Structure formats: structure tokens, C-alpha cells
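**Student:** Here the protein sequences come in this chain order: R and S.
When you read off a place in the first sequence, starting at 1, and then add 11, the result is the number in this note's numbering.
When you read off a place in the second sequence, starting at 1, and then add 80, the result is the number in this note's numbering.
Everything labelled a hint here was simulated from the structure, so no lab data went into it.
Treat the numbers as computed from the prediction; the structure is a model and nothing was measured.
Backbone N, C-alpha and C fix where the C-beta goes; we use that ideal spot for every residue, glycine too.
Please note that the accuracy of each hint is not assured.
As the list claims (entries may be wrong) - Listed below are several chain R residues computed to face chain S (Cβ distance under 8 Å; list not exhaustive):
1) ILE13
2) ILE14
3) ILE17
4) PRO22
5) GLU26
6) GLU37
7) ASN166
8) SER167
9) LEU259
Unchecked claim - Here are the in silico distance ranges between beta carbons for each label pair:
10) S:ALA84 - R:ASP357: 20 to 28 Å
11) R:ASP158 - S:LYS152: 55 to 63 Å
12) R:ASP186 - S:ALA264: 19 to 27 Å
Unchecked claim - Computed cross-link-like contacts, PhoX-like style, restricted to lysine-lysine with a CA-CA straight-line distance of at most 20 Å:
13) S:LYS87 - R:LYS173
14) S:LYS87 - S:LYS152
15) S:LYS152 - R:LYS29
16) R:LYS390 - R:LYS410
17) S:LYS200 - S:LYS136
18) R:LYS410 - R:LYS421
19) S:LYS96 - R:LYS401
20) R:LYS29 - S:LYS136
21) S:LYS136 - R:LYS16
22) R:LYS173 - S:LYS233
23) S:LYS152 - S:LYS212
24) R:LYS421 - R:LYS438
25) R:LYS29 - S:LYS96
26) S:LYS200 - S:LYS233
27) R:LYS173 - R:LYS245
28) R:LYS38 - S:LYS212
29) R:LYS39 - S:LYS136
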Amino acid sequence: MIIDKISEEFPVLTEAEKERIFAMSEKKYNMDNHDKENVGFDDESEVRGVEQYNRPILSRLTSLAAAAVILVAGISGGTAFMKYKKNNSAATEMNDPTEAATETITEKEEKQDIASECAEIAYRLTNRFAELENKYYNHALSVDNNDTLTFNVYNSDVPGQKATEKHYFRVTDTDFQSGDDLKNGLKSIFTDELYERLFSVNSGEDYETLIIEPQYIYLFSSSDFDTDLSKYEKNSAIDLADVNYHSLDFITYNEGFYVSSYYNKPVENGSFSSYPNVIKIKKNGFSATVFANFNPFVNTETSKVGTNLQFDFVCEEGEWKISDITVGRNMESAAAYAIKDYFINDCDDYDINDLMISKDVVINDLEEDVIILSSNGDKSCKVYCIIKDKNGNDFLEFKATVVFTNDGFKYGRNIRDRSGFSLTDIKVKELQ
Amino acid sequence: MTDAELKELMSQSVPKCHRAVFDLYCNYVYAIVIDILRNCGTREDIEDCVSDIFMKLYKRFDVNTDFSGNLKGYIGTISRNTAIDAFRRLSVHNNRNFSIDENNMEELRSDDSLMENSEKKEQSRIILGKIKELGEPDSTIIIQQYYYNRTAKEIAESISMSSAAVQKRSSRAKQRLKLLLAEAGIGKEGLI
Chain R
12 MIIDKISEEF PVLTEAEKER IFAMSEKKYN MDNHDKENVG FDDESEVRGV EQYNRPILSR
72 LTSLAAAAVI LVAGISGGTA FMKYKKNNSA ATEMNDPTEA ATETITEKEE KQDIASECAE
132 IAYRLTNRFA ELENKYYNHA LSVDNNDTLT FNVYNSDVPG QKATEKHYFR VTDTDFQSGD
192 DLKNGLKSIF TDELYERLFS VNSGEDYETL IIEPQYIYLF SSSDFDTDLS KYEKNSAIDL
252 ADVNYHSLDF ITYNEGFYVS SYYNKPVENG SFSSYPNVIK IKKNGFSATV FANFNPFVNT
312 ETSKVGTNLQ FDFVCEEGEW KISDITVGRN MESAAAYAIK DYFINDCDDY DINDLMISKD
372 VVINDLEEDV IILSSNGDKS CKVYCIIKDK NGNDFLEFKA TVVFTNDGFK YGRNIRDRSG
432 FSLTDIKVKE LQ
Chain S
81 MTDAELKELM SQSVPKCHRA VFDLYCNYVY AIVIDILRNC GTREDIEDCV SDIFMKLYKR
141 FDVNTDFSGN LKGYIGTISR NTAIDAFRRL SVHNNRNFSI DENNMEELRS DDSLMENSEK
201 KEQSRIILGK IKELGEPDST IIIQQYYYNR TAKEIAESIS MSSAAVQKRS SRAKQRLKLL
261 LAEAGIGKEG LI
């Protein structure tokens, strides 16, 4: 049986967990025996000899990525629908709205100029942020195709596993020649406080990482960089155990910096899907929201809108920097879950058992299929989705408006809270 | 430890026999329980259920117990039934809107349960094989993350890596696994 194999080959319980469970089972067994021997009842006496069993309250674990599912096929096509126009970005909240009536035209124009300038600052800094992430995550780098390396990579800890060929191209990006270049790039757009805050929380003795909470979105891991493979001859074999499971994404070789070709592909949706929307302007800075449609802020390759991020900006010594990043709602993920919830709980016309939608509420299996036709910030969106039948054939065309009632920056993770969304204007049509 | 050795141990010391049974089968029981309760139970609920199962087993074992025969099969049956009862109880408590009606419960309880269905079994065998093809530590990361619902931090601690490295490897491993499964003819429809 599969469960047999999983339990034997991938045992998961730690010693502490085993001891805890064993102690629980013994306690219950002993209490059960004790009850049989000592509990007596009469009409007037209280229950004697019964020990109240208090189930230990363990700390609840935060689900970090519980909605992920192993998906293979996705719907191709779909056109980019959102083209943000620069002159629509000034949705600021600088002052009490009642003051607007008394503002002079000059004051109003001034505020718009400030908001517009803030949006441009946000545009510049967030684009640099996306650029660095794409270089690191999606290997969006310029390379020399004539300067390549090939190694056969295997793992001596897994006997029988075949060696695989890994190819490398020398990176010609002048500002991305090492792990330090990436760190320095991030430091140039982050305040020192933000960099140190993200760095210090998430680094250990032998690794360095920048991670943005709450979604555990990482900016870099030093284990991806700078392993020097110069001692290996070209086309020779490399044991992963010798390089301590280095990802071998970026390596140095004879003082050159190389990137692997495994995930090296053109970045189609490698940027933001909206222009920065300035939401707050303060004396020493401002905040803006923008939808990030690139890794690691999206879950699928078909994402068109992505995740709402709030960036806070401050001016330090005449230079603008990002002082904080807050991760909000991923629109495709949230919309997909709302559609799934509808078919599981509210739809009377179709049986969930006839559809290719898992009843497992942890799995967000429509995420790759949903298309967001239009959206109003992260408050609502119009969605389109093809629902397949149990045989995998296109069966239903689904359209609706999804309205999110919870603040995406507070409830972005807790999409399984049904009070956080509602569907209106639902149209379901059977496809022929 | 063989069944005969367990019987011998039971005659010497009941607590020692309990411990031996627990050590032999805790991973197996845990895997069965989490397979049924992962969507409706917390970690506490799952551990509570596992301890209930072992309590039931202890109650059934005594010096006269005949440990010969299919002890593992017996434990598996007790585990599944107890987990299903817990599932029903937790589903009502959580006020989940899809109900486990009698038809579904029959599927879970019957000998031809979902787990035993030969077509699903073959597919599961293939999927597990492909996960193992990923190699370590990726296969452990995938199983711990998606079968056992462990967090990146917990996985990182268990395999001595950083949680960021675990998350990145997980993301990459998923993509590789997609390709491997596609080559084996298993698409999205086969995974639901």
C-alpha cells in the first residue's frame, strides 16, 4: 500500500512528537483502567475518581502555503486585459474630504503634482525591486551563449538516482556578478532598517536570507550563490552531497559568474500589472499599492493580476528608499477559491462530484484556470473560468463578480474564511 | 520485532509491549490518520486521534493476545475506522458545508475504499515513484509539505536546511514533478 511506503520511507514524526503522543496514549489507557476500578455512582454522590483529561493545547501553526497543489495542465491563452493608465493613479487620501470644497484650484493642482511625483518615485523603486527579483528568481539576465559549462550532477546519498546534465552560461550583467551584487542591489532600494529587519530574523549560522512575512516570500538565499566549482573539470561529475545540496543555480568558475539554464526562460509576466496607486502621503514619506505579477508573488504561470503589495517609502538623506513591504491579497488565488466555494457549498444545479473540482478545501485547484476580466483594486473583480467535468472535458462557462469584504492586507492569507467574499451576477452556461 | 517477540514481551511487561507496538507502528498510524484528517483537523486533532488509536490497541492487547497473523492489517483497520469517526465528529463541529453522507462514508469504510481502488492505487504508485525520482532532499520536502502538511520551518529543521532554501526547493521540485507526471501521462484531471 502507498501509505505503507510513505510511512516507511518518509517518516515524519520527530522524537518530541512521538514522546508526546505516546504519553497521551498511555495517559488515556491508564485513565480508562482507573475509571473502571474507581468510579462509582449513586443517586446523590458526585462522580468520584474521574480525572479530567485536558487535551494539550499546542500552538496553532500558521499555514504558509496550504493552498498549493500539484497541477499539471493549465489553460493557455487569455489575453492581457489590464493596461493601467498613468493618469488614473492619483487615488490619494491626503486630507479630510470635507476640506476639498474649500481648496483652491492651485492647492488641488499642487496635491496632484505631489501625488504624481510620489507615484513616479514608487514606479522607479518598485521596478528596480522587480528587476532584482527577476534576475534572482527567473534568471532574467544577459548571458554569453559562447561561454558555457556542462557538468553531470548526481547525489551519492541517493544510490540509483541517475546523474543529470546541468548547463551554465556566463552572466554578462555587469551589476549581477555575485551574491553580494544582489544584496547590494536590495540595500540600495531598502532602508537600512528594513534590510536589517528582514535579514536578521531569517538568517542562521551558515545561510543568509531575506524573507518578507507573512507569506514567507524570500528575496534571496545565500545557498544559491557563489559556490566555486573551479576544481571540477568541464563535463565532469559533481556530487550534490559534496556541495551540501547547493541549488547550483549560480556558480563561479575560474572567476567567472555563471547561471544554470534549468529555469532560464523569458519572463513573460515579470513585472507589475498595475501602476503604483498612492494611498497615503505623510510628512516624511508616502505609501503606494501595486499588483506584483512575478515570482515569488504569484502561484501560477497564467497569472495576470497577481498580489497586491503595499510599499512604504521614506526619504533618507535626500534619497528615497523602501521602508516596508506588506503583502496583501493574491487576486487569482482569492477569486479561484471563491468559485470553488460556490460549487461546493452554494450551487444547486450541479453536483460537485460531477465536476473536476476537488472537495479538499486546502487545494485551490482552479487557480490556474481563473481569468480575471477586470478588477477594482483588490476590492472586487469580474471573473471567468472554464469548469471541467470529471472526465476532464470543458463543461461549464462560469462568470461572476467576486466582492471581497475583508481587508486584503489582514485577511489575504485566510481566504478560506467564507465571510471574506461573496459572489454576485453569477452566470453558468453549459458548453456544447 | 516480530509478532512472536511482541507476545514474549507482553508476557514480561505490558508497558514495554505497549511501547514496542507504539514504536513499530506510530509512523504507519500517523500516516493513515493524516490522510483522512488533514483537511478538517488541526495538528492537535491528529495527534489526539493517533493516541486514541493506540489506547484502543492497548486495551485489546493482553497476555492472551495472539499476535500472529496480520497485526499490521488489524492496526490499519482500527486506525482507519477511528480516523473516520474523528473526521465525522470534526466535520460537524467545524460546521463544514459539504456533508459526509452515508454514501461517502461507505466509500471510506468499505474494502473497496478509495485507498484500495486499483486505478487510484496504480496512479498513487506512479506519483510516489515520480516524487522519489526527484531525489533527496526534494522528495522528502514534497512529501512532508503536501502529505504531512508540515511548514517550511519544520521541514527545514528536520533536514538541516534553511526554510528559505526549503521553500525554493519545493517550488522548483513542484515544477519538475509536473513535467515528470506529464511524461507519465498524469495530468491535472488525474490528481483530483
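**Student:** Can you name, in rising order, the numbers of the hints this structure does not satisfy?
**Tutor:** Hints 5, 8, 9, 10, 12, 13, 17, 18, 19, 21, 22, 23, 24, 26, 28 contradicted; others consistent.
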